[in-house]
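Starting from the given sequences, assemble the full structure and let the hints guide the process.
In order, the protein sequence lines correspond to chains A and B. The first sequence begins at 57 in the working numbering and counts up one residue at a time. The second sequence begins at 57 in the working numbering and counts up one residue at a time.
Label pairs and their in silico Cβ distance ranges:
no., chain 1, residue 1, chain 2, residue 2, range
1, B, 176, A, 255, 33 to 43 Å
2, A, 408, B, 118, 23 to 33 Å
3, A, 359, B, 87, 42 to 52 Å
4, A, 403, B, 200, 40 to 50 Å
5, B, 150, A, 74, 25 to 35 Å
6, A, 255, B, 408, 50 to 60 Å
7, A, 208, B, 122, 35 to 45 Å
8, B, 244, A, 87, 50 to 60 Å
9, A, 403, B, 248, 45 to 55 Å
10, A, 122, B, 371, 22 to 32 Å
11, A, 356, B, 244, 52 to 62 Å
Calculated from the structure, these hints are not laboratory results. Cβ coordinates follow ideal geometry from the N, Cα and C atoms, glycine included.
Number of protein chains: 2
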Amino acid sequence: MIAKSMKDLVENSSAIRAMFEEGKKMAKEFGAENVYDFSLGNPNVPAPETVRESIRRLADTVPPVQLHGYMSNAGYEEVREKIAESLNRRFGTSFEMKNILMTVGAAGGLNVILKTLLDPGDEVLVFAPFFGEYRSYVKNHQGVLRVVPPDTRDYRLNLEAAEGLITEKTKAVILNNPNNPTGVIYPEKVIRELSDLLVRMERKFRTSIYLISDEPYRELAYDGAEVPYLTKYYHNTVVGYSFSKSLSLPGERIGYLVMPDELDDSVDVVAAASVANRVLGFVNAPSLMQRVAADCLDAKVDLEFYDNNRKLLTEGLASCGFSFVKPEGAFYLWLKSPVADEKEFVAEAKKEHLLLVPGSSFAGPGYIRIAYCVSPYTIKNSMPAFRRLAAEYGLC
Amino acid sequence: MIAKSMKDLVENSSAIRAMFEEGKKMAKEFGAENVYDFSLGNPNVPAPETVRESIRRLADTVPPVQLHGYMSNAGYEEVREKIAESLNRRFGTSFEMKNILMTVGAAGGLNVILKTLLDPGDEVLVFAPFFGEYRSYVKNHQGVLRVVPPDTRDYRLNLEAAEGLITEKTKAVILNNPNNPTGVIYPEKVIRELSDLLVRMERKFRTSIYLISDEPYRELAYDGAEVPYLTKYYHNTVVGYSFSKSLSLPGERIGYLVMPDELDDSVDVVAAASVANRVLGFVNAPSLMQRVAADCLDAKVDLEFYDNNRKLLTEGLASCGFSFVKPEGAFYLWLKSPVADEKEFVAEAKKEHLLLVPGSSFAGPGYIRIAYCVSPYTIKNSMPAFRRLAAEYGLC
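Have a look at this one:
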């Protein structure tokens, strides 16, 4: 009796989440220390101490009616003001409070901006491999997903293929930088090329094409890599941000959208996004966490923890003979499957209590995503299992 | 360039929210003490002290990775367990953890269950006057809203009219008890009649009709009134609950759905609702607040505060000559407009710095909603303005 669309979704439910649930079961059965769960992007680095201090200070000093009450659907004005100032300081932008809308995480933000922009049948371009939930988010608002095939040489953007897929119905392009699942960072040169392409296509079709920059991993960039701030390169950019990874608060569902004045119909977009936040049932971003985020804008999780994991994992996997895309950001490694059907490899890995996610879940078959936001011991202890798999597949 | 559907929504945006924003502006201009804002259901009663204690205790004792991390999309198992036990204790039900899904407030919960149930074109019945957001929630999932006209004698349910509107396409009925905007509580007798009707209609059309009981105001019942627990009366009942009012946490967005085993296809509904929570972008209910809610299941806001307001307001308005439906629950009073076009009255009231919401926003024209979740001083100080209006319209 449930909706037909939900029947399909339940059956083909997120392989990531299925693996996460499976991992919890296996941990109960075999002991957590004997299961190597690389499935979910659930940070293992604690939130910075300032988060705890902020929560305590707010609970002690702000009257509960203000601390936990409704505010404007867009969020607290002082919080949005502080975020705008922080962005301007860091990126030389010139946002104001009105350009910021507080959201229920990045997932909430993406749904808000898609609801704001999409008429039924409007097309949304994504670059494979991509976070599988985009498929559902676009469908929620009756959009049509167009998938740009990957450039498997370097997993940068395949702009030639993108050009062929842009039509007069293309309303938005979603870019995820640093990328989940590949760990690639698109550098300034690639961003300029993308911007040029979109400007050309807007002129060609006389349309507005909104670039939605999904940036939950912005702060996780290694070796001093720069993640370009996209509003500076393309006028029709909306940024979706989340504190899930930068402050290790994924369960709290707190993030924001940036909607610059330079957007076509910016005033309408801003007004509609606030209404969309309400009518989609988010109403507003969680109130206490809005203030916590504003308190902790200069705080960061321990990047070295992830960087150390990255080194452990890349060195370990390389020494086993595995191939992979060099991870530059986020906390994912994009492993080349030693067999064409990577699902087979993932199943074999599970026998070794290694929980990985097949690339097909990200429209990137033949590859496997390893989320290394885990304890370094998990990585160290998993290496014998990876080595046995490598041997099994003749890699070493 | 925004979506056409959003254009309409922005133009006809929530009169409640518009009034709330207007009120904030007027408060700045004339001073908060000179504006009588009865527009929004934003509780003026502080959260119980146990909320603050719980937040502090959790921040001090639970490791941040557990406190703020991802959990299953349905929520923490121990939280859902405690909620099931609490319900069983209070209402003699027999729910288990699996029957509970933690949601981003009641608004999130309603969207989750509608996404779970509705195929495009499925019909959802609501009883006028009703919370205007239901209209958007149903549309979000391509459902079709069918509005049962009110029984203006007592604002109980107009079941005769409902029967005429139920078809083989009716997938759900939303009931809000205690009711926003009327403040009426539907007693057991009415609930039995509704249940009988739905059972008959299910047999007639050989369909499943899910009753969605939206219960954010359950704990706000005066004069010892009982609010029947609907799962005990009708097999296909899904309960949506929120802690927004019971614990004065509306900004925190925390609530839950109850999906009993007795539902048709209960296993499918439960599985799909969890997936819907994820794909709609909620992902999960805010993590810290899940634990706070579980800590505070036996806590309640000061009901006497609202009850006192209710007395102040009803006595004051009656003495001015106004007519209204006797408020039994929630914190709303349903005032009969002294002129047919209640928007005219609302505009006149605004000149007196009285912010009210026209009944048309709830499909209840000719009436006005007064939200009395305000300071008692607001009520006392507003009375001269109400009296002047009463005189203007010849009521006294």
